[in-house]
Amino acid sequence: EDKVVQSPLSLVVHEGDTVTLNCSYEVTNFRSLLWYKQEKKAPTFLFMLTSSGIEKKSGRLSSILDKKELFSILNITATQTGDSAIYLCAVVWGAQKLVFGQGTRLTINP
Amino acid sequence: EAGVAQSPRYKIIEKRQSVAFWCNPISGHATLYWYQQILGQGPKLLIQFQNNGVVDDSQLPKDRFSAERLKGVDSTLKIQPAKLEDSAVYLCASSFGTGGGETQYFGPGTRLLVL
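Chains A and B, in that order, are what the protein sequence lines are. In terms of the numbering used here, the first sequence opens at residue 439 and continues consecutively. In terms of the numbering used here, the second sequence opens at residue 690 and continues consecutively.
The reader is advised that the hints may include incorrect statements.
List of simulated lysine to any residue pairs, SDA-like, C-alpha gap at most 25 Å [said to hold, decoys possible]:
{"id": "1", "chain 1": "A", "residue 1": "Lys535", "chain 2": "B", "residue 2": "Ala719"}
{"id": "2", "chain 1": "A", "residue 1": "Lys479", "chain 2": "A", "residue 2": "Gln540"}
{"id": "3", "chain 1": "A", "residue 1": "Lys479", "chain 2": "B", "residue 2": "Gly692"}
{"id": "4", "chain 1": "A", "residue 1": "Lys441", "chain 2": "B", "residue 2": "Gly692"}
Between beta-carbon pairs, the in silico distance windows are [as the list claims (entries may be wrong)]:
{"id": "5", "chain 1": "A", "residue 1": "Thr519", "chain 2": "B", "residue 2": "Ala719", "range": "21 to 31 Å"}
{"id": "6", "chain 1": "B", "residue 1": "Lys733", "chain 2": "A", "residue 2": "Thr466", "range": "13 to 23 Å"}
{"id": "7", "chain 1": "B", "residue 1": "Tyr699", "chain 2": "A", "residue 2": "Gln518", "range": "40 to 50 Å"}
{"id": "8", "chain 1": "B", "residue 1": "Pro770", "chain 2": "A", "residue 2": "Ala516", "range": "45 to 55 Å"}
{"id": "9", "chain 1": "A", "residue 1": "Glu507", "chain 2": "B", "residue 2": "Glu757", "range": "34 to 44 Å"}
{"id": "10", "chain 1": "B", "residue 1": "Ser707", "chain 2": "A", "residue 2": "Glu493", "range": "45 to 55 Å"}
To list a few chain B residues with every Cβ distance to chain A over 12 Å, as calculated [to be verified]:
{"id": "11", "residue": "Val708"}
{"id": "12", "residue": "Pro732"}
{"id": "13", "residue": "Glu757"}
{"id": "14", "residue": "Leu773"}
{"id": "15", "residue": "Glu774"}
{"id": "16", "residue": "Pro797"}
{"id": "17", "residue": "Leu802"}
Hints listed in this document are in silico derivations from the structure and should not be mistaken for laboratory results. Ideal placement from N, C-alpha and C gives every residue a C-beta, glycine not left out.
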């Protein structure tokens, strides 16, 4: 069965800390892995990863994919209270099917 | 560029009633998706359209849920009759292409509460 598993499910840290969120997957015909940030309603796109070992970076956020070990990590450095959100990992497989993980709820305390 | 539009934003109904949601994707996006997101879970795909054809509806509870995209642009999702377990946020998303790996852009969602 195709699945995406994220860990931890919940994480509470202090402002300024660095966090690493994990996403592992088991799908057939992998195409890409996506990271989304969900604050109130709609998930907003962060990164799309298709190749192993190539880091994508946007400000304090970065992500990398390992297609051999079937996982991805999302790093956030120097966290701020505005980073508090649910971070969703999703894998695109087959004919553009998208499977989401259950998300990691990140809370940044001042 | 306008984003994905959805309405209504909130809906409260009693069980066994009917409800319909509307979605207008980003202009030019061929593929449209409806997701159900239950509190504390990731979004679950209900149905995927490519233009006006259904690509995947394997997780759509067809005894009570239906969806259409008649002209290949906007779409409606209907629930009839609603059950308590249908309480969730219904997200619509769209993507430009029809191949794999396309980024999906999400609308604000419709929060449904079934009493």
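The hints, checked one at a time:
1. Annotation: proposed proximity of Lys535 of chain A to Ala719 of chain B holds, straight-line Cα distance about 14 Å (limit 25 Å).
2. At roughly 15 Å between alpha-carbon atoms, Lys479 of chain A and Gln540 of chain A fall within 25 Å of each other, so this suggested pair holds.
3. For the given pair, Lys479 of chain A sits about 14 Å from Gly692 of chain B by alpha-carbon distance, which is consistent with the 25 Å threshold.
4. Note on Lys441 of chain A and Gly692 of chain B: the hinted pairing is violated, with a Cα-Cα distance of about 29 Å set against a maximum of 25 Å.
5. Judged by the Cβ atoms, the range 21 to 31 Å given for Thr519 of chain A and Ala719 of chain B is violated: they are separated by roughly 39 Å.
6. Checked against the hint of 13 to 23 Å, the pair Lys733 of chain B and Thr466 of chain A passes, with Cβ atoms roughly 18 Å apart.
7. Checked against the given bound of 40 to 50 Å, the beta carbons of Tyr699 of chain B and Gln518 of chain A, roughly 30 Å apart, lie outside it.
8. A beta carbon spacing of about 50 Å between Pro770 of chain B and Ala516 of chain A agrees with the range 45 to 55 Å that was offered as a hint.
9. Range check, Glu507 of chain A to Glu757 of chain B: Cβ separation about 42 Å, and the 34 to 44 Å hint holds.
10. The given range of 45 to 55 Å is respected by Ser707 of chain B and Glu493 of chain A, whose C-beta atoms sit roughly 49 Å from each other.
11. With a least CB separation of 18 Å from chain A, Val708 of chain B remains clear of the 12 Å interface cut-off, as annotated.
12. Interface exclusion of Pro732 of chain B from chain A breaks down, the closest Cβ pair being 5 Å apart, not more than 12 Å.
13. The claim that Glu757 of chain B is not at the interface with chain A holds, since no C-beta of that chain comes within 12 Å of its own (minimum 20 Å).
14. Non-interface call for Leu773 of chain B relative to chain A: holds, since the shortest CB-CB distance, roughly 21 Å, exceeds 12 Å.
15. Residue-level check passed: Glu774 of chain B sits 17 Å from the nearest beta carbon of chain A, beyond 12 Å.
16. Some Cβ of chain A comes within 12 Å of the Cβ of Pro797 of chain B; the nearest lies about 5 Å off, and the non-interface call is violated.
17. Annotated as non-interface, Leu802 of chain B keeps its C-beta farther than 12 Å from every C-beta of chain A; the closest such distance is 15 Å.
When the structure is compared with the earlier hints, violations turn up for hints 4, 5, 7, 12 and 16 and for no others.
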